[in-house]
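Chains as they are written, first to last, in this note's numbering: chain U, 343 to 686; chain F, 191 to 536.
Just so you know, the hints here were simulated from the structure itself, not pulled from any lab data.
Take these hints with a grain of salt, some might be off.
[Claimed, not checked] Result set (BS3-like, lysine-lysine): computed pairs, CA atoms no more than 30 Å apart in a straight line:
(1) F:Lys-526 with U:Lys-468
(2) U:Lys-555 with F:Lys-279
(3) F:Lys-279 with F:Lys-467
(4) F:Lys-314 with U:Lys-657
(5) U:Lys-468 with F:Lys-306
(6) U:Lys-377 with F:Lys-314
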Amino acid sequence: MSDRRSKILGSLLAASVADAMGCCTENGSIETIKKYFGGLCTDIVDMPEGSFPHGGTTKGVVTDDFSIAYYSAEEFLKDGKVSEEGAKRAVIRWFDEPDSKYTRYAGPTSRAAYNRIKGIPMPHTKQDNLVTRNREASNGAAMKVGIIGLLNAGNVDKAIDEAIVMCKVTHDNAIALSGACAIAAATAKAMEERVSWLEVVEAGFYGAREGYKRSVDITVPTCGATIERRMEYAIDLGLQYQDDFDEAMESISKIIGTGLPANEAVPAAFGIITAVKGDIWKTILMAVNAGDDTDTVGCMAGFIVGALEGPGVLKDKYLDLINRENGFDLEKMAEDIDTYLGGN
Amino acid sequence: MRNIYDKILGGLLGGATGDAMGASTEIRTTGMIKDKWGHLVTDIIQAPEDTWAHWSRRGQVTDDFSVSYYHALQIIKDKGKITEKGAEKAVLKWFEDPNYSQCAGPTTRRSIARMKGQKLPPTKQDRLLCVNSRASNGGAMKVGCVGLFDACNVDKAIDDAITMCKPTHDNTIALAGTCAIAAAVAEACKDRVSYLDVIEAGIYGAEQGFLRSSKIEGVSPVAGPDIVRRIRHAVDLGMRYQGRFDEAMDILSREIGGGLPAAEAVPAAFGYIAATKGNAMDTIVMAVNAGDDTDTVACMAGYIVGALNGYDRIPARFLELIEKENKFDLRKTATKICKLLEKEDK
Numbered sequence: 343m344s345d346r347r348s349k350i351l352g353s354l355l356a357a358s359v360a361d362a363m364g365c366c367t368e369n370g371s372i373e374t375i376k377k378y379f380g381g382l383c384t385d386i387v388d389m390p391e392g393s394f395p396h397g398g399t400t401k402g403v404v405t406d407d408f409s410i411a412y413y414s415a416e417e418f419l420k421d422g423k424v425s426e427e428g429a430k431r432a433v434i435r436w437f438d439e440p441d442s443k444y445t446r447y448a449g450p451t452s453r454a455a456y457n458r459i460k461g462i463p464m465p466h467t468k469q470d471n472l473v474t475r476n477r478e479a480s481n482g483a484a485m486k487v488g489i490i491g492l493l494n495a496g497n498v499d500k501a502i503d504e505a506i507v508m509c510k511v512t513h514d515n516a517i518a519l520s521g522a523c524a525i526a527a528a529t530a531k532a533m534e535e536r537v538s539w540l541e542v543v544e545a546g547f548y549g550a551r552e553g554y555k556r557s558v559d560i561t562v563p564t565c566g567a568t569i570e571r572r573m574e575y576a577i578d579l580g581l582q583y584q585d586d587f588d589e590a591m592e593s594i595s596k597i598i599g600t601g602l603p604a605n606e607a608v609p610a611a612f613g614i615i616t617a618v619k620g621d622i623w624k625t626i627l628m629a630v631n632a633g634d635d636t637d638t639v640g641c642m643a644g645f646i647v648g649a650l651e652g653p654g655v656l657k658d659k660y661l662d663l664i665n666r667e668n669g670f671d672l673e674k675m676a677e678d679i680d681t682y683l684g685g686n
Numbered sequence: 191m192r193n194i195y196d197k198i199l200g201g202l203l204g205g206a207t208g209d210a211m212g213a214s215t216e217i218r219t220t221g222m223i224k225d226k227w228g229h230l231v232t233d234i235i236q237a238p239e240d241t242w243a244h245w246s247r248r249g250q251v252t253d254d255f256s257v258s259y260y261h262a263l264q265i266i267k268d269k270g271k272i273t274e275k276g277a278e279k280a281v282l283k284w285f286e287d288p289n290y291s292q293c294a295g296p297t298t299r300r301s302i303a304r305m306k307g308q309k310l311p312p313t314k315q316d317r318l319l320c321v322n323s324r325a326s327n328g329g330a331m332k333v334g335c336v337g338l339f340d341a342c343n344v345d346k347a348i349d350d351a352i353t354m355c356k357p358t359h360d361n362t363i364a365l366a367g368t369c370a371i372a373a374a375v376a377e378a379c380k381d382r383v384s385y386l387d388v389i390e391a392g393i394y395g396a397e398q399g400f401l402r403s404s405k406i407e408g409v410s411p412v413a414g415p416d417i418v419r420r421i422r423h424a425v426d427l428g429m430r431y432q433g434r435f436d437e438a439m440d441i442l443s444r445e446i447g448g449g450l451p452a453a454e455a456v457p458a459a460f461g462y463i464a465a466t467k468g469n470a471m472d473t474i475v476m477a478v479n480a481g482d483d484t485d486t487v488a489c490m491a492g493y494i495v496g497a498l499n500g501y502d503r504i505p506a507r508f509l510e511l512i513e514k515e516n517k518f519d520l521r522k523t524a525t526k527i528c529k530l531l532e533k534e535d536k
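Using the sequences provided together with the hints, build the complete structure.
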C-alpha cells in the first residue's frame, strides 16, 4: 500500500474507532466514566442498557459522526467532486435509510437541515424571529468534515473552502463552520509527507481563522466564544501538561469543555492532540475518556492523527470489526480517495 | 461606611437594571449591538422585535430578575427562611404571569411541570445519569436575592442557594454556578469589602457549591467545564485588561463566552467585575454589551456590584422606571429584608 493510501486508511480507521469507542462513554463526566470502567475505557466494548446513552448498541457500530462522514464521502467520490448537492444527497440518504443504525443519534441542527432540504414544513417556534441562532453553533459540522481534509490532501486552503460548501448545508453559521474548517485544514495538512503534529495544529488554527472569515458574511449571524481564541487556550493547556496524561485530560475537559458546542469540542480536540504530540492511540484514549461528547471529539481528532500516523496497530485490532458491524469497506474507500486524488 | 439598606437595595436594583438593560441586547454579538444602535447600549431602551424580549416595554425585566424577585417576596413571607417548598411556591406563582412564563427556559419549564404533578412526556434522556444540557445558568440567574437575605454570611448563602435552586436545577455544575453568585452577593454586603474579596468569595462559593451539592441525594452529576477553573481564568483575563474596557469585553466574550451554560455565564460575570474593579455601572454595561445571554449575565453581575457599591451608584431614574414598569417595590422589599437581618442580629 502506498504511503498516501495508508495515511487515508489511518484517518478513516482512527476516526471510526474513536467514534465507536466514544459511543461507550459519551455524555459521562471523567469521574462517572472512571467509576463505570474502573479506570480508563481502553477498548470498544458492549455497553449494557443503563445510564450511558448508547447502552444496548452493538459493539463496533459507529454513531452519527463517522457514519455521516462516510455517506458524504461516498457521494463526493461518486461525483468526482465536493458539492453542495452531494452533501445534501448524503444527508437525505443517511436519514432515509431503512432500519438505519445511525439516525437515532441525529442532532437537532442536522434534523432541521434534513427537513429544510426535503421541503418538509417545520412547526413555527419562538426562535424563528430571532436575529441570531446561537444554539446552532454546534459541533455537528466539524464531526463529519474530516473527510474533506482527505479529499484535499495537502491543500489546506481548498479544504477550508470545501468544508464550508459541505457543512453550510446543515450548519449555516460562522462559529460551527470555523470549527469545521479547523478540522478539515488540519486533516489536509496531516496528509502531507513528513509533517509534524505541530504543523498540523498550526494548520488547524489557520483553518479556524480563515473558516470564520470566509463564512461570516454568507451565513446566519451567531454569537458565542470564538473557536480561534479557545483553541489558543486549549493548545496552551496541552503544551503545559504534555507529559502528564491525566492532568492534561482533566484541565482540557474542565476548562475548555468537550461538549456539544463547536467552541468546546473543536478546541478540545486540538488540546488533546497537542498534549499527546499527535500519538494516535493516546489521542483516542484521551478523547474517549475526557467526558461529555467523547465520540465526536474522538472522531474529529481521529481523522487528524490517523492521517498523520497511518493505521498502525488499529488495523489488525479494529478494521474487521468496524467494517463488519457497519457494512463499511474502509480499505476500498481509502483506495477510492487515493484514486480521486490522482497522480502520485 | 455604607448602610446595609444601601447595599440591599443596591443588590436588587443592580440585578433589575442589568436584566432590563440586557433585554434589548440579548442574543446579539458586540458587533451587532454597535451596528444596530451606533454605540454600546448604556441605558435602558426598548427591546427590538427580533429578540426574546420582543414582548416587553422599556423598563420591564425578563425571567431573570422577575423570578428572583418572586423568590424574595416568598422568603419575606416565610420570615427569612429559605426552603424548597417556598422555592417551589415562588416559581409556580411566577409562572402564572404570561409575560414571564413565555421566557422560561427548558430546564425551568420541565421542573414546573414536575412540581405541578404533571406527567412529563418521556424523553430519550430520562434514563441518563448525566443530562449535560441542564447545566444552565437558570439557577444562578435568580439566586442573587439569597445573598441579600444571607448578607455577610457566605456559608449560609451557599447552603440556601442549593436549597432554593435545587427544585429547578438539580445538577452539580448549575448549582456550583448558583452558589458562586450567592456567595459573592453575601460577601459584597459586608462593610468595607473590596471587589477582590467578592471574587474570592465567588470562587469559594463555586467550590463549596459543587462539593456540597454532589453529596445531596437527587442532585445529578453532569459532564462539563468546571466553574471554579473557568472563573479563575475569566478573572485572570479581566485583571490583565483592567483599564481597557473595550479590549477586556472583547477578550472575555471571545474566550469565556456569555451564553446559556452556567460554565460560560457565571465565569463571565466575574471576569467583568475583575476588568472594571467592581465599578457598578461599568460592570453592568460590559455585561450588557459583551453579547449572547446578556440580560442573565448582567442580572447576576448587577446583584453583586449593586450590593458592593450601594444603590446610589446606579442612576435613580432606573429605579423609578423599573418599579413603575414592573409594579415592583424594590425599596419596600429592601426595607423588609433589612428588618429580617436586624432580627437575626438580636
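Q: Of all the hints given earlier, name the ones this structure violates by number, lowest first.
A: 1, 2, 3, 4
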